[in-house]
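Listed below, chain by chain, are the residues.
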Amino acid sequence: MNVERITEKLNILADAAKYDVSCASSGSKRKNENKGLGNASNGICHSYTEDGRCVSLLKILLTNHCIFDCAYCVSRKNNDVKRAAFTVQEVVDLTINFYRRNYIEGLFLSSGIFKDADYTMERLVRVAKKLRTEHNFNGYIHLKSIPGASDELMREAGLYADRLSVNLEMPTESGLKLLAPDKNRQDMINPMNFLKKEIIQRAEEKKLFKNAPAFAPAGQSTQVIIGATPENDQQILQSADYFYQNFNLKRVYYSGYVPVLTDKRLPALNTAVPMVRENRLYQADWLMRFYGFHVNEIVNKDQPLLDLDIDPKLGWAIRNMQIFPVDINKADLQLILRVPGIGIQSAQKIVSARKFARVSWEQLKKIGVAINRARYFIICKSNEFERRDLTGNNIKQFILAESKSKYIKNTQTQLNLF
Amino acid sequence: MYTLVYDGTFEGLLTAVFEIYERKLFHVKLIKGEWRASALFEEVLEIITDENRANRVLRGLRKRLSVACVQRLYIAHMAEMENEENAIVGFIRYAFDADRNIEEDYGNKYVMRISEIIKMVRREKHRMEAFVRFQKLKDETFYSAVEPDFNVLPLLIRHFKDRYADQKWMIYDIKRRYGIYYDLHDTQYISLDFSETSKPTDTITIVSHDELMYQSLWKNYFSSTNIVSRKNTKLHLRHIPKRYWRHLTEKF
Ligand code: SF4
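Taken in sequence, the protein lines are chains E and V.
Residues 1 to 418 in our numbering are what the first sequence spells out, letter by letter.
Residues 1 to 252 in our numbering are what the second sequence spells out, letter by letter.
Hint data in this document are derived by calculation from the structure and do not stem from the laboratory.
There may be inaccurate statements among the hints.
What the hints assert, rightly or not - Straight-line C-alpha distance at most 20 angstroms; calculated DMTMM-like pairs for lysine to aspartate or glutamate:
#	chain 1	residue 1	chain 2	residue 2
1	E	Lys31	V	Asp210
2	V	Lys168	E	Glu33
3	V	Lys242	V	Glu147
4	V	Lys219	E	Glu4
5	V	Lys219	E	Glu50
6	V	Lys234	E	Glu33
7	V	Lys219	E	Glu90
8	V	Lys29	V	Glu11
9	E	Lys396	E	Asp332
10	V	Lys138	V	Asp210
11	V	Lys251	E	Glu50
12	E	Lys77	E	Asp116
13	E	Lys355	V	Asp97
14	V	Lys251	E	Asp51
15	V	Lys168	V	Asp183
16	E	Lys365	V	Glu116
17	E	Lys35	V	Glu11
18	V	Lys138	E	Asp93
19	E	Lys129	E	Glu156
20	V	Lys231	E	Glu50
21	E	Lys29	V	Asp166
22	V	Lys168	E	Asp93
Just need the whole structure built from these sequences, with the hints factored in.
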């Protein structure tokens, strides 16, 4: 291996791949069979970039040559950047050697489109096949499905990969038309549909025949870019909800647009990356997937935008004050989950603990409840509780004022989920 | 208040619980260490680890708690956090004194404390699963030095054995001076003899010919995958506290 050449390729092709934010490596239960190399289990972040994102997979493009000209993409045809391409063997060697040193959970391979969709997809599949069949590699493999690739290739991809994804890129069709004139939404939806059917059918077979091959056991995901086009949060979340419902997606990723190109259709180069908005979208997404919220409870005609100052759960609570206060010692788990400041684990602990004795503030604090938020919304074993008749807006102001001091010290807000 | 001095083993701790009940002690404090006859306190008891007594306590616990919960107590003790044996003893006494299984009574301070300890141990275990960086040595063994906050090496065996079944590997805890070694069949605990001049982190002379190339490729990858306009040092440091850096290839 020529060290300099491979280093240069790696730099170019990792740099071009980094705007795809998905890095999850969980959801697959691939075992290490016959004393081979690796397994895929609960998804480990082996490192974190300086921007605080998880590094779990070797995330690279096979090549950044591309025949398309999507406005938001550094690899677009008319952008003047250095181009490079890995050989199949180079990607295999990097993956195996990084994996053996415990740097990564596996490979996330994407690519610019060279020649045509099938030609590109065929190469991606070849990498995965080689890893699985020649190297007995059982680590995680995420392949990007190239829009427009044939069903045959998608089927083969599913046999070797743990996860497949087609990026929708823009939340709506008109957004896509504007920025990616070469792409059409149907080309993206077709493979998603095909994968959905195939995944369901293979899962059925697997129930009947234990030895039936696994097909994309970690399912499919997609990514939408936020802030490059004018869609509002309601449109974004409703479209995410639609894809969760209709295509059995495991995850939708929201990627705040990083201005890398000058184009009059795009936000200017000095526009800040919408990181807070992106974080609010992820929080909203969690509420839909784990907290039993319906998308319309989070955003709707009257509330098309997420409040950037507060998280969407608090936002929902202060719009629905008639539901509170909730008695922590009596309410259903589902309702406790809706209280701001109480996460899934705390909610479950509360429900366990109250079987022994009624729970007090002191104990709630120990259990991990954020009392400074929750106290406006609950009563517990105590005579102390919020007696003032506060409006939702009052509460928001109180909570914001309290976190102000933290906020000022820490202008880079901590973008974390609940 | 009685101070009970025990030998630091789990059996020793269970023996101490036995003594507490036999002598009907109430306020007690357990400390690990050696018995000194010259101790100033009058009420110091030396606990002599006794397998029979320990087993009786263990059997009693198994009747009152789930298998997983007894396991958690064992893990909490093995982690060797300072002064936490009293939380474990408190938990065990609460379990014996109550008339039903109390392991989910998070309103109780001992139950909550054990739950916190287990959470910390798990986090450290996960960190090690993430932050171990193997270097390939000339003899094809993949070697890694670590310094975990708590004693978690025994908890790592399963994960690494499942994952790296086809390569020899060794993970060495520098702080506690022992390691685990997998020879393609089994794992065993080992201790290494480092002379004055060589440290467990000095491996340069014995790494395989392509080791440095892959380390440099990994460092390159790590910096290429960063998005400068999203820089967030606070978050970065929260995920990888500085004390772990010296063993992370991408950070040294
Ligand atoms: S097809 Fe993909 S790689 Fe090519 S320009 Fe569009 S987004 Fe970029």
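Against the structure, the hints come out as follows:
no. : hint                : in the structure
1   : E:Lys31 x V:Asp210  : violated, 28 angstroms
2   : V:Lys168 x E:Glu33  : holds, 17 angstroms
3   : V:Lys242 x V:Glu147 : holds, 12 angstroms
4   : V:Lys219 x E:Glu4   : holds, 14 angstroms
5   : V:Lys219 x E:Glu50  : holds, 13 angstroms
6   : V:Lys234 x E:Glu33  : violated, 40 angstroms
7   : V:Lys219 x E:Glu90  : holds, 17 angstroms
8   : V:Lys29 x V:Glu11   : holds, 17 angstroms
9   : E:Lys396 x E:Asp332 : violated, 25 angstroms
10  : V:Lys138 x V:Asp210 : holds, 10 angstroms
11  : V:Lys251 x E:Glu50  : holds, 11 angstroms
12  : E:Lys77 x E:Asp116  : holds, 14 angstroms
13  : E:Lys355 x V:Asp97  : holds, 18 angstroms
14  : V:Lys251 x E:Asp51  : holds, 15 angstroms
15  : V:Lys168 x V:Asp183 : holds, 5 angstroms
16  : E:Lys365 x V:Glu116 : holds, 13 angstroms
17  : E:Lys35 x V:Glu11   : violated, 36 angstroms
18  : V:Lys138 x E:Asp93  : holds, 19 angstroms
19  : E:Lys129 x E:Glu156 : holds, 9 angstroms
20  : V:Lys231 x E:Glu50  : holds, 6 angstroms
21  : E:Lys29 x V:Asp166  : holds, 19 angstroms
22  : V:Lys168 x E:Asp93  : holds, 19 angstroms
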